[in-house]
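Those sequence lines, one after another, are chains W and X. Under our numbering, the first residue of the first sequence is numbered 1, with each subsequent residue one higher. Under our numbering, the first residue of the second sequence is numbered 1, with each subsequent residue one higher.
Careful, some of the hints might be misleading.
[Claimed, not checked] Heads up, simulated EDC-like pairs for lysine to aspartate or glutamate below, C-alpha to C-alpha not over 20 angstroms straight-line:
{"hint": "1", "chain 1": "W", "residue 1": "Lys328", "chain 2": "X", "residue 2": "Glu43"}
{"hint": "2", "chain 1": "X", "residue 1": "Lys38", "chain 2": "W", "residue 2": "Glu91"}
{"hint": "3", "chain 1": "W", "residue 1": "Lys58", "chain 2": "W", "residue 2": "Asp83"}
{"hint": "4", "chain 1": "X", "residue 1": "Lys32", "chain 2": "W", "residue 2": "Asp232"}
{"hint": "5", "chain 1": "W", "residue 1": "Lys160", "chain 2": "W", "residue 2": "Asp232"}
Honestly, the hints are just simulated from the structure, not real lab data.
Listed here are the chains, written in short residue letters.
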Amino acid sequence: MKFILNFWVELGNWLEGVLSGWGVPTWGVNLIIDIVVVLILLIVGIMAVLIFTPMERKVIARMQDRPGPNRVWPYGVLIALADAIKMLTKEDITPRKADRALHMLAPLLVTIPALLVFAVLPFGFRVIGQDLNVGVLFILAISTIHVLAILIAGWGSNNKFALLSAFRVVNQLLAYEIPMVLCILAVVLLTRTMSTQGIVEAQTIPFFLVMPIAGMIFLICAMAEANRSPVDLLEADSEMVAGYMVEYSGMKFAMFFIAEYVNMFAIAIIISTLFLGGYKFFGLEDVAPVLSPFIVFAKAVFVIFLMLWFRGTFPRMRFDQLVSFAWKFLVPLGLVNLMLAALVVKIPAANPSTVPWIQGAVMLAGNLIIIAVAFLILNRTARRVDGPSALKRIVATER
Amino acid sequence: MLSDYNFIGVFVIVAIIFPFVALGLAWLLRPKKPNPVKTDTYECGLQTTGETWVQFRAQYYIYALVFVVFDIEAVFLFPWAVAYSKVGLYAWVEAFIFLAVLTVGLAYAWRKGALRWQ
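Generate coordinates for the entire structure from the input sequences, incorporating the hints supplied.
So this is what it looks like as structure tokens:
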């Protein structure tokens, strides 16, 4: 019974036992287990592409009142597999004028960090690639390589559209990194650890309920970093074809495609780890740890559905507004939230068991006040810029 | 502590192998018939004119500079956040002054129009 309930951890122990029984030295056992775990994580990451491409196309299609892919097997669920086969057999064209080395390097450089992030994502208690003590910092450091890869792709293609995209990388991805870091800092302040598993363990209440500001900022920034519509200004197809991907075809294009979906999945798991309680779900993870990866998946699918919902609902932002939004709204808001967290953590409490609840309540109250003040300021600014009757004018034209 | 990174090392190696395997498989399967039209620069059918590799505008560097300031701040604040429960009043006040200086820096950049898109 214990074996089934704690399946993932027991499986590792069993494999270790079998290998040592065969007389494999300790370093060999560790190496083999590492390789097995890496392969499992890679397969989980790649499977995300096969699962979330049909999901995205179906969900978006339903939101736009059309059936979406419905030919490949029942309900078109195998459309991703058909896409993969097509990508494999497509001719790979390198433009004459492109910088061949950079053109080749970019798809590699975009895939590798997208997969590497999975090394520190917790799928359950002790069900984690490696619980680094600087896990969050590792995620930030690795995912930044992605910026460089897109810059290289845009510059190396020797194409005007790709170059425009490379320009935008500098602004968009760098601007949205800062509020993201500030939100993670607030989480680290409350949990006092940078290890991803430690953050989940320290979350008595999901942090999205404790500090909705940080959660929302992180979600917006994550969408900007993963280059999802409505903030997909890097590839905005109505403005510059496909941005940095214009000159890519065949498997090299597929690499960007895979990286985008793996990134999206990883970011959904990061959001559920930092803000939605990770593998915890009302004590279910203690009763049956075997279910914890599925809890994480369920939360990730929910976050991805939110992203698709945003994509189906909001129009694409204008570029200068996008950058201003990051620097003039999200960064100050993130800073204020960080300062609030720093104050709240120092609240003295008589009984240690009530600490998270008191902190959570004060933090939530502070957050709501900050949101109210922020929207008051926004409202006044909007009135100054657009005139007092902007909203009335819009309503009038709607009628 | 350092042995934690064995796993990361294995992961890096496998993650580097993966795209090479995928690209190699495609290299075996795909047709290879380039011609001058195919390898031309694709700009929606129009002939490309002028030099593509031009200089970035100075505006981008200003944004990048503000970014560097904040990113370095993050590097300093992460250890502070982890050790927060152990630090005394001195470090607490100091970190707030640090954050305040940063905020003033952002306000200055804002005021000077560095964050205005032209």
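Each hint tested on the structure:
| no. | hint | in the structure |
| --- | --- | --- |
| 1 | W/Lys328 / X/Glu43 | violated, 34 angstroms |
| 2 | X/Lys38 / W/Glu91 | holds, 10 angstroms |
| 3 | W/Lys58 / W/Asp83 | holds, 15 angstroms |
| 4 | X/Lys32 / W/Asp232 | violated, 32 angstroms |
| 5 | W/Lys160 / W/Asp232 | holds, 18 angstroms |
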